[in-house]
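Colleague: Chains A and B are the protein sequences, given in the same order.
Okay, so the first sequence: first residue is 1 according to the numbering used here, each after it adds one.
Okay, so the second sequence: first residue is 1 according to the numbering used here, each after it adds one.
What the hints contain is simulated information worked out from the structure, not anything from laboratory work.
Derived CB-CB ranges, DEER-like: (1) B:K45 to A:E149: 54 to 60 Å; (2) B:K244 to A:E149: 27 to 33 Å; (3) B:R256 to A:K77: 50 to 56 Å; (4) B:L268 to A:D53: 48 to 54 Å; (5) B:L268 to A:P191: 46 to 52 Å.
Quick caveat, the model's predicted, so the values are computed rather than measured.
All C-beta atoms, glycine included, are put in the ideal place defined by N, C-alpha and C.
2 protein chains.
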Amino acid sequence: MTRIVIDAMGGDFAPAQQVLGCVQALKQDKDIYLILCGDETQIKKELSQYDYDKDRLEIVHTTEVIGMEEIPTKAVKTKKDSSTVVAFRLLKEDKADGLVSSGSTGAVLTAGVLILGRIKGVSRPALCPIIPNYRGSGTFLCDCGANLECKPINMAHFAVMATAYAQAAYGIENPKVGLLNNGTEEHKGLPLHQESNAMLSKMDGINYVGNVEGREIMYSDVDVIVADGFTGNIAMKAIEGCAKSIGAILSSEFKRNFWTKLRAIFTLGIMKKVKKRMDYEACGGAMFLGLSKTVVKGHGNSKARSFAASILQAANAVRGGMVEKIKAMVDEVNAKQTAETNGEA
Amino acid sequence: MTRIVIDAMGGDFAPAQQVLGCVQALKQDKDIYLILCGDETQIKKELSQYDYDKDRLEIVHTTEVIGMEEIPTKAVKTKKDSSTVVAFRLLKEDKADGLVSSGSTGAVLTAGVLILGRIKGVSRPALCPIIPNYRGSGTFLCDCGANLECKPINMAHFAVMATAYAQAAYGIENPKVGLLNNGTEEHKGLPLHQESNAMLSKMDGINYVGNVEGREIMYSDVDVIVADGFTGNIAMKAIEGCAKSIGAILSSEFKRNFWTKLRAIFTLGIMKKVKKRMDYEACGGAMFLGLSKTVVKGHGNSKARSFAASILQAANAVRGGMVEKIKAMVDEVNAKQTAETNGEA
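Model the full assembly from the supplied sequences, consistent with the hints where possible.
Modeller: Here it is, written out as structure tokens:
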């Protein structure tokens with residue numbers, strides 16, 4: 001049984017959607033056990049509406065909640081009985097194998113590093129969402145905002161961590177890795193990107209294909225795209241805005257008059273399929289890579305379906321041995337790096 | 001008569017599509033005069049297929065072409081009789097008021113700075129494309145790749161140049177200006193963005209609304225978005241890839257079988273409207289802001305319609321007095337900056 005601890009109070013629609021997401025996840029995956037941290041009365045009230053396997057769910061009562069606007073370090077240090085902090089503590093104490101929270105990103109990042117801790121050798125943990133692409137699969141974009149200022153060694157770690165994640169949780173055997181840059185030629189980018197490209201080119205254990213441009217996040221056969229957190233964050237949100245805009249334009253054109261509305265009915269099925277292929281809610285949340293256990297950060301506005309997907313995502317990463325894989329791969333990168341620095345390579 | 005000089009040999013489909021674009025532009029705008037630089041025989045052969053106002057078009061024969069893969073500085077310095085270099089020389093010698101090229105971006109940037117020259121006081125010229133947005137208008141994204149490494153004063157100049165452009169060429173009276181950042185709060189971003197936000201907040205003459213996130217490029221009411229060239233480039237191309245992917249998915253779903261194809265016929269009109277609202281070819285090219293005259297860089301893969309739009313765009317910027325407006329606004333920014341440095345403000 002894979003044990004996932006849940007921050008039931010984090011998110012715009014918590015705990016209602018989080019609880020329903022847990023119920024759905026329990027139905028979809030018979031091999032998970034869930035520990036819900038949060039206000040027991042509220043959680044029980046939500047649970048009372050549903051039919052679920054009571055043997056695979058427990059509640060750990062907590063009295064505090066970290067709000068979206070709070071200063072992360074302060075909140076994590078002072079709100080010891082918050083659902084987020086308690087969930088991370090249970091994970092640290094080995095009461096669970098993985099964690100899912102759709103609370104404040106800053107609080108999750110901070111609790112992850114301060115309470116749970118990093119994998120030894122990982123310079124910087126990173127956030128890795130999956131962006132739906134035209135192939136109908138997803139592109140792993142790492143980092144998307146955990147680290148604004150990066151060094152080449154951080155980028156190298158992002159590359160192996162996302163590779164290990166794609167392999168362990170999604171069974172992608174030899175994921176193609178690209179570096180997000182303003183052109184494909186070797187000399188492109190700021191010094192950070194030039195040096196990172198040079199370092200990635202020499203690395204073993206990853207399938208590095210070189211620099212890739214912004215359009216390749218969605219329109220290419222590259223599986224993993226490495227980015228400094230600032231650029232990754234902007235790119236991810238630019239794509240979100242584009243998809244949202246096209247959706248809004250489509251919908252407004254179909255609603256223009258009686259005839260266009262009639263046509264909308266005819267194409268409803270097709271539009272639903274398109275939406276499904278572009279649906280990043282179904283992809284779950286962003287994996288927080290580099291921590292000593294599996295942590296998934298769900299969207300702040302997660303609804304039940306998306307939250308359930310995040311839970312299954314965490315369970316799959318645990319079962320695939322993602323953390324152990326990252327550990328082994330990062331060790332190898334660091335050993336080679338040390339050897340090179342010492343002039344042995 | 002607004003005189004536009006054309007680099008007829010630059011672009012993937014040159015000179016055929018460039019020449020046709022010129023013919024279309026002459027039809028759409030009776031007040032422009034075009035000077036086409038390029039191989040006379042080829043241009044005449046293309047022109048012979050069309051009906052156009054011969055009194056408003058002349059050819060300046062050139063013998064060389066700068067390829068897309070050439071090193072820009074070397075090419076501009078050695079290929080003195082290339083269509084690009086000759087076009088810029090004519091512009092510099094006041095034989096024309098504006099220039100359009102869909103040749104290599106690097107060569108256009110280099111020729112712009114080396115042959116034509118910057119507006120006095122502009123620290124860095126910048127590329128400013130117009131990204132279609134959900135409102136059905138466009139967002140001016142400046143810079144998109146002319147300057148990878150930027151300082152706050154460069155960003156301040158981008159803001160005023162794009163504002164002047166939006167006002168002069170598109171009649172947007174008081175364009176809203178935002179700074180592309182990883183969050184809207186003041187402390188967000190790298191030091192560059194924090195300092196730029198502080199500087200932009202204190203500036204007169206622009207309608208600054210603060211930090212904006214990636215999704216706001218297409219999904220907001222902000223008209224001008226200021227970015228360092230690296231981030232702007234990635235964001236622009238990420239959006240391009242997203243739109244392309246959604247288009248590909250839509251088209252594949254409609255082509256799936258007989259029934260979906262039938263439905264496609266019913267919705268053809270609607271899809272065309274959506275495409276039109278998202279069509280960045282119709283927006284023309286990217287304005288190269290900060291040069292002493294109007295220069296438009298068309299897409300390398302410009303077809304006639306897009307090239308014609310770039311010509312009209314250049315003509316409108318000339319008529320709206322864009323360069324003079326930029327000059328005045330940059331002078332004001334610099335004067336205030338000097339005063340502050342000297343402790344007078």
